[in-house]
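Dock chain to chain to rebuild the complex, using the hints, since each chain is given by itself in its own frame.
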Amino acid sequence: MPSHAPATTPTCRPAILVLEDGRTFHGESYGAEGETFGEAVFNTGMTGYQETLTDPSYHRQVVVMTAPHIGNTGINDEDPESRRIWVSGYVVRDPARVPSNWRSQRSLDEELRAQGVVGICGIDTRALTRHLRERGAMRCAISSVETDPAALLAKVQDAEQMAGAELASQVSVDEAYVVPALGEKRFTVAALDLGIKAMTPHRMAERGIEVHVLPATASIDDVLAVSPDGLFFSNGPGDPAATTGQVELLRSALERGLPYFGICFGNQLFGRALGFGTYKLTYGHRGINQPVMDRTTKKVEVTAHNHGFAVDAPLDRATETPYGSAAVSHVCLNDDVVEGLELRDAAGRLTAFSVQYHPEAAAGPHDAAYLFDRFVSLLEGEI
Amino acid sequence: MPKRTDISTVMVIGSGPIVIGQACEFDYSGTQACRVLRDEGYRVVLVNSNPATIMTDPEFADATYVEPITPEFVEKVIAQERPDALLATLGGQTALNAAMNLHAAGILEKYGVELIGASVEAIEKGENREQFKRIVEALPPEWGAEVARSVICNGEELAPGSTKEQKVAHGLQACLDGAETLGYPVVVRPSFTMGGAGSGLAYDEADLRRIAGQGLTASPTTEVLLEESILGWKEYELEVMRDRCDNVVIVCSIENVDPLGVHTGDSITVAPAMTLTDREYQRLRNISLGVIREVGVDTGGCNIQFAVNPVDGRIVVIEMNPRVSRSSALASKATGFPIAKIAAKVAVGYTLDEVRNDITRETPASFEPTLDYVVVKVPRFAFEKFPGADPVLTTHMKSVGEAMAIGRNFTEALQKALRSLENKSAVFDWEKDFVDLDKAALLAEIASPHDGRLKKVMDAIRAGATPTEIFDATGIDPWFVDQLALINEIAVEVTAADELTPALLRKAKRHGFSDVQIGKIRGMSADVVRGVRHALGIRPVYKTVDTCAAEFAARTPYHYSSYDEETEVEPRERPAVIILGSGPNRIGQGIEFDYSCVHASLALSANKDGGAIAGGAQVGGYETVMVNCNPETVSTDYDTSDRLYFEPLTLEDVLEVVAAEQAAGPVAGVICQLGGQTPLGLAQGLARAGVPIVGTSPDAIDLAEERGAFGRVLAEAGLVAPKHGTATSFVEAERIAAEIGYPVLVRPSYVLGGRGMEIVYDEAALEAYLDKYVAAGLISHEAPVLVDRFLDDAVEIDVDALFDGEELFLGGVMEHIEEAGIHSGDSSCALPPITLGEREIARIREATEAIARGVGVRGLLNIQFALGSDILYVLEANPRASRTVPFVSKATATPLAKAAARVMLGESIKDLRDAGLLPADRDGGELPPDQPIAVKEAVMPFNRFRTADGSQVDTVLGPEMKSTGEVMGFDRDFGTAFSKSQAAAFGPLPTSGRVFVSMANRDKRSMIFPVKVLADMGFEILATQGTAEVLRRNGVPCQVVRKHFEGPGPDGEKTTVDLIRDGEIQLIVNTPYGAGKSNARLDGYEIRTAAVMANVVCITTVQGLGAAVQGIEAARRGEIGVRSLQDWARRA
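Each protein sequence line maps, in turn, to chains A and S.
The numbering of the first sequence is full-length UniProt numbering, which starts it at 1 and goes up by one.
The numbering of the second sequence is full-length UniProt numbering, which starts it at 1 and goes up by one.
In isolation and in its complexed conformation, chain S is listed as follows (with noise of 0.2 Å):
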């Protein structure tokens, strides 16, 4: 059945800010699904606030609105472009629902657009638990689908007129006997209580009593549902792919690591499936198409997910979703299979078998992948950025980012994901004496999930715990568990051998061990070890990923290495550029510089962009390979550079990537400078192997990077820094913040996204910072502590350059909103700059151009300044592409990833220009008069957390860098794309409501005016005491309200978190003030964390109140208006 003639311009919605849970997966399924529209001749218009995106590039819509996924908005853009269909489900679970609440809204029906991919009765059945549970349970019995089984247990069924304790005990007495048909553990769900309460997990009798006893107290009606536990199952997922004509697929098995009881996302997950029958396998198959049929989706893809009991194999459906996953794209990227692509097509009407399989060219995608390879996925967490958050994983997912790494078995596929995390401790280690392991505490430790697990299972092994000791402590299935063990008696060969002979060591690499655990093991370097394999020609080879086990020839080099016998890598003749990826999100390192390597390769790659370089160096352009280990990714696409190495980011993995390649033909050489700091981490070392790096040299990047040869290069430019030094005890340190003035800002060099960053206040706290980080291998006599003197009350300000030896152009000006000393990642800014005048601009251009050419940089270079009492300190300078290039380029409508590429490989600035890749007469700080203003806002993820004791973290930011995400606010004045911005970010702004300030005393002067503009505009303010006095004495009438730590007054008046906790405020102002652990320190913690749980806008900055006092200003005035990209870049 071909593609559907009666539908024209289709809308896609992407999927908004990266936060946990919905990270850049969605960009990569979002890019895919209109590319294909566009190629199947649909006109397409795309929403999507986040700027970081491949799919907001204005090349892959007609239409590309950058604006906020909110019903209001969308509507706009519906009623503006006029689409006749919706495609909502790769944008992740925010495009999902806000093609709901546009359904329910009555605006789909009003505009005649219909929701195509899945519809909504489908997304309602998926979605719905009731819904889905009888779905479930009318499948053939023969297939042995349940849902987990449950009493309801009701107290209220006695005689009218009983006494609560006389209902509870008659509840129980039902718990007690539904706990005797379920066994226990049973897990106990009151009925009707809020936020959980009198819930939990029961493993006996004298559990149930009292858990059951609470719950049925706290229950209005007496009840609650007592339900079987399936914690410790062994938990799939299969993806599922199905089109009209009813033809289904399942693209891909996956298996936890870990059993049930941790949220996919935070598991180390395999594929394929692992520990299954056939007979196994095909009835959760088999459910898997029941279940697809039933719901009733019929255009595209979802995955569903099971527990299967390892006792006796009875299978219970968890849930599934109707919708492409971040598990589809971990499954397209294992497979080949390329479901968001896919899965577009049939949304418009293709049928699977008319869908063409890319990999094979001459098969149809009507057919299940099969793999001759092993997929491991691990999970990246960032809890060293919230300190006081329980590690503890459940089904509340955590984790940041993920490596993914194929082997030809799963040892090697677990070593290379665990290397590929970049966090030392992740990878096994056996340089602990084995006499110092505790068996019994290893134990223990292994029995709750956590970040980190695996390795104390491999500490347990070494301890001497049986197989069967560490299921029973853990449920990981014993095949995995003999897996590990399987690593520990190699690692234990290799140690005892006399010396290290062919066969063992080809023997290690088989199973995945790197130099560098092999190195350590032995005693030597990860160099030594890599001669020594060199001159035995131990060298992995490269295999295919090709979806058919090798049963058709592949057409798309997408390559992993394997200590195998025979390697695929074709020969090639035109140059190579190699692109080193940025590996798993983290937070201060995501999307923004995947886009840049996206860009790289776009634009020099002889079959994409780059085959239309003309006037340039290089004319024929090149081929890419881009290296990387990111299933999340649009550059570990298949489809985005000519080659595709899905390997770790390591010296020894690219290095062997680099010969590999050398050995297929010419390389030109390898860009370190857009992934962010993972490949500027490698270039030193790649340069010394001899690997030709391209754009700045390694030595330039360390120059940036240490203080003094930095200091010499500004010194002679005549710029100044604040005032600074370094140190490698605590003893230089403090000498140092005496001499330049408390407060400090201390953090450990070479770390990206601010980590171990803090602004110190006194003596005391300067110590216990320096004992935390040298504790944790940040700071050491190689890598030390750097101090600044803090700039208060400075603005800060972020460019992004390019520069070819001879010419600067300067991307884009960025004005801070914050104050100087909240990490630039976290903050919010503008550009072009909004205070900056021509004069400022004149400066920072003649710096950055001073810089640039002191320090060396070919291509992009990122310097953070402070402008403060008219000085322009310099604070940092990064000689690479920075977070903020893609919002940078968005904003000012200039490709300045693809120029920098170019500039790499030896095109100047002006051969850009004359090319057209960059403007002809201007650069991003000359912006014409009628520049809209772009403003970015941060992310961030506190709601994810919360301390062991069930309290959240705080939501204070600081120096170092704690967003998962960014959004774009785009319009013609500063205020309406402020509002736009905290739309996007938190929801709208109010317009009216209740306003609750509280103000450190240093603030306090400069709220005046703008908290009277909100009392002007009919706000009622609240305030504590000391503000409510200032706020009074200069004509702002205003409430007091009681503090948190006050309590409720004797009239039961609310405090401040109560009122908020009500959803009785609509905006909250509060600048945190005080050191330590005072009272309002307390108090402002409790504040935030209230805002945080019941969304209320909470503004920590005056300047942010500035800012969100003209973007409600902007609001009230009335209709801000939707504008796409591309029509902005018309109005000239």
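Extracted from the complex, chain A is given alone in its bound form (with noise of 0.2 Å):
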């Protein structure tokens, strides 16, 4: 029997949403009531908001849901891909009323509130859409307590930028962890938490991989100390930019032969870590649907992105590094976006290698989970 918890009572309490540009939407108040600030971004998945609201890369950020229908599924304690919801606002059009879904354990509205993350709904979130499309990425606050418009801006314009913000130290765990391979193991890989999502490390410990979890703040002793075959990087938010201590790991574990695979964030630092630099996007990749091509197979795979950062590597040729040859390996097909990087040695073995999107997915399509394999074979040294 599916879930028939009674129909929650929408507040009919008012909210406004601000952008630093000055443009304003009234709607009504959901999930906590309060006010909040962030950076508003758009995402455009139609399914896996509970993913999507625990995902740590979303953290001081305000996501706002293309899809209109948001918490039809309700909640439940077997989806989140960390320990709490980390968006700093959320903004739906068409919130449900009664979750249905046999695995619902209780409402979204319900879970926002227990968490306090405030939100606005009722609004026109394509218009808005639309606005952070062509005016790109801005600071916005949604506020149910502050009803004039012109104060909430005043606000807005005071806090914090998302570029040049540190921010994986304030997601990341503080003390390591296990998670165990499942089945026989084969392998231990050293990942450092930078916004971790819990699909992860599952996706490696299902191919014999023991991961040892390592604060954002690890050192290189601190990875060699757990005998690693391997290094990963995790996404995680903020500017990749203003993040220096593991690009300096990543680069005394690269001198040193550990093979490396990175996701997202884990992409940016290695291209920083191989002397590429990196740029805001205007509006970013959010969303499952993006179109994504393996330059080697030719292949296209549709996959899960977020990431308002990207790295700035030439398409068209290598680039000599300390480390070894370096080549774009994925590019997105929608606007030639860098979508990862591989590290070659001299006799044209990989060595390491980095994804700007997401192949553990969570949400989004198993398209890219080939690329743990892959990691595996560069574990096993076969490539």
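Mixed in with the good hints, there may be bad ones.
[What the hints assert, rightly or not] Restricting the straight-line Cα-Cα distance to at most 20 Å, the calculated cross-link-like pairs of lysine to aspartate or glutamate (DMTMM-like) are:
1. S/K1004 x S/D793
2. A/K280 x A/D312
3. A/K299 x S/E294
4. A/K299 x S/E384
5. A/K298 x S/E431
6. S/K723 x S/D762
7. A/K299 x S/D353
8. S/K1043 x S/D1016
It is worth saying that the hints were derived from the structure and are not from the lab.
This is the structure:
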């Protein structure tokens, strides 16, 4: 029997959303009441709101869902990608009044309230998305306590910018922990938690990898202390240019020839370690329908994305680095943004690689799951 | 990987006539395919027997064969055109079956034709249940894909010599054990029995003992298959596309509101899926990818259907279609991702990343569309056309059309979709006081799915049913139930409010309430609500379908309305022409009207043919704006018009589109004349609201509909109509009928497709008729009943003409093959007319011109005449595009609808002759002597309908239209053309074998000669007693067979019906006789029913018999050739 929780009465308390350029949307309060600030970004996924909300990469961002109906399947305890909701604000057009799913344990509205996440509903989310597309991601506020847009705008303009923000340490664990291999253990990997999603160590564990998840502040000694067969850098929030410690750590690992795999933030840091720059995209890639081409196989995979920054590397040639020859392995077919990097030694063997998108999916298609197999091959030294 | 260069000629097979389950969506997909292939430089050869399609317009292929889609005819086309490849995945099951038959007959191999899109192996794997089951079971277990679980229960394992009873008892025990494992209810399917005897659904042990007992007894192998029942599970469908480099994308997910048990085509469906988490959705996605890879569809699209258990999420894969389907058309319109077009591109070798997304122009097609709106599709049924047909919905599709609507939320999309059906009873209303509602009765009623169930669900909610009660009764997901509850809560709020505040009005509009609905609740007219709404500035905005939820800018103005903040309609400089489409397909209004709308758009658009307008009034052309809500059509392709509004065709919705377009730039006018009765019915309301209507004025339209005024037009022209009168009561009708004499033809005014039209033979029948239709609301004081004298033995003639105010262009004169009294849409006809001479045509021309002038036509006009005893009667005149416009256009190679559109915008027929759009020196009444004959034949949906007790509905034709589609036979002489039309509609006419003849007395005299010809050709003649006597006396040898009601003879002699069922008769000639429920009448019913079941050609008129004899003679003479329209056009 599907869940038949009684319809929650939507709060009719008005709320406003004000963007840093002054554009204002009037709607109703959703989730917790109060006031919140963050960078307004839009996500185009039609499924997976629970995974999105709990993805640490959304720390300090106000997420606008382009899909109008959100909350239909409620909340369960199996699908979260981390221990809490990270978005700083949530924008939805038509929240569900009743959740309906055999796995649902409570409603999204309840969950948002319980975790103190301020949201707004009933606004023209498409108009807001078009605005962000044309003007770029920008700071914003949602408030159900401040009713004067001008007053709220002033506060928005004082809020912190995303560019230059170091946020990984804010979302990372304080203490290391181990995700044991499922079945026979074959390898040990040190994974730096820069905002890691639960599905990532799970995908490795499925392949016989024991994952030692380390805090973002871990040193090369901490990494070597677990005697890893490889190193992994996770996804995470913030500006890759504002993070230096991890880049140094990665360089020392590359010098030692430790096989490396990075996802998302881990791709940006890999790029920086190889000497490439990173830059902020106008409005980023956030969705689960992005076409990415693997430039080696020429195959297209439909992939999950969540990134506001990207690596600036040449598409037409390899670049020589102190660690070997670096090249762009994957590219987004929508806009030619760099979506993956690979490093080869003088013999042409793969030594390290990373992707800008999310092969662990959650939410999103599983097309890129082969990259975890590629990591295993790298650990086996078979590439 | 670029396109293939090793092939140069590609053959495309269309889907033939429109039938239930296979409608104009395949014209849409086929048209796209042809367009793509030609753009890519391939030579395209097309075969499709349906003349009402856009794809058979000669400009869409290099060689267009309007020929029967049978292996014989298609082989002839192949032999003549020698294509390198055959693309058969875009013409529905018809094309796929044709391709498989060609393969099986070795024809593809013989001519070296490669099947592209899907290989023979892939089609077999996808369609074969056993192979498909193995594929599903071999998928990775973590995806959880299953097929329905089953147990084989056999009673033959007992020691040899056991009795059947012992075996049955043994098998029954196996069944009881099996049911314990599977859980009740279980489906019982006996092995090797005919027609499903002994199968059924068992809810408990008692049921199972009864059903399985019968099944085991009936089974020669004492075996039944027990299968778990998945009725009531959630149903989903995914549209998948794959290229030859194994790139796969999901184009769209669709969720059915009606749970499993109702055919998807009959279900209310929603895109995207609404009640799946990402984990669950990704499992369906993985399975879809796994299946398409295993089946091996490597250059095209397919769809895969799933059932999901609402209790624990178990997934059963139901089936896959290795081709473009009806759902693909829906998914294309729902997402903006043109599946057929892209399927055609990947079929010729492109990879998805090489194909551009037309809408964004910058991103590739190798992505998955994401929606920031909700799409709802609702089916349109025609049960009113088939009295006695069981309206309960099952896995056998019964709907004849569908409407789709787009909204920013589910409630908005649903309510828009329901009002798009143009069926007042489909729309939610709150008129009835809820205290009158009986909850228990309603819950019982909604337990079985039927047309209009959702409205009953709403009533049950009003009556206080809880969401749990609704779910338990219907299996409709609680989220959807809550959406309905939300709609009801708003209605209650609107009812209870002291005044309609701006906030409340806005809220109601945001959830899809129409002005009409709000007005009814508040006791005011829709006009008043609109006035209030406009005064408050509560207007819809128009959003864009862009495939990407606004992530990228859209270049195609494909819009839908929503009560939201920001509109996306761009300003425009060129004047716009707004064309109103015809809404959901129904019997009497289908693809033929869409054809005319599409042609008008092409003819007027500055970006299409209209850019070539030179001598016209409007140098430079127009921007065309299409408004329609039918996802199956070419008109709702975003490529067809300069702008597309996917909107309901109601006065409110159209007025808002007009206002939005007027705000964007100049609007030259609205075309209401081409989409059939739907837009015509809006003309007066639009005109009253100050909207410019181009072409024939709304007043002139009314004049033609209004009997009195039209009578004066006829009188002035010296023309006669059959004696007639107009009545609003039985007393009046009775007086008129007595005056003009029975039989009379009675019908309500303002209907299309002869809805409610009947021939009435006496007073009692007249009274019964009026009772029925007054109760149905079709006859009222505002809509009186028309009573006409019925013309026996007259030849009926249909005319399509064009009038510019000065000159008449006679498009075509069609002579019906059946006698008068059969709806023109159901009768077969010939063009040029086969028995009319120059003098008759001159009279018809004169009469047509007089009527066109008298009514004030500017554009198209359709008139039905009857010629009897040398008197030309005017039966009906319609100042609009008719159902026959595409047929006439194709038969005479004249683009009538294009010309009409330009006449409506002010050009003269002379201008169009000068511009080369119309022939310079003649019209369709003066066809050259070597003009080939075109025969149109109608196709009926009778085999789709059963009565509640499982018997077939009657197949007799009458004045109410029942056909769903048509075919054209085209050849040098009438016999050959007729023969082709029959082959295309029903299968080839027999050239030898047995003919069964049973005629009404009045027909006996006229049948002697044609039956004698059949006998001379070697046919064995069987006849009923009376008919046989007449034949024998006239020297035709024949054998008497028993009538059905007489039962089998003492020595087991079979009755007629048995002979038909057993396939021992190849042709049936049976004209209906006797009124009421006489034995003869019932016999006729059984005969025609058996004919439909056994797929035997059944001729029901003397005229039809004459034509068939000519057709058979032509077929026996040997080679019936094939010839393309382009080649015919070059003959001169």
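Subject >> Hints violated by the structure (numbers, ascending) >> reply: Numbers 4, 5, 8 - these are the hints that the structure violates, sorted from lowest upward.
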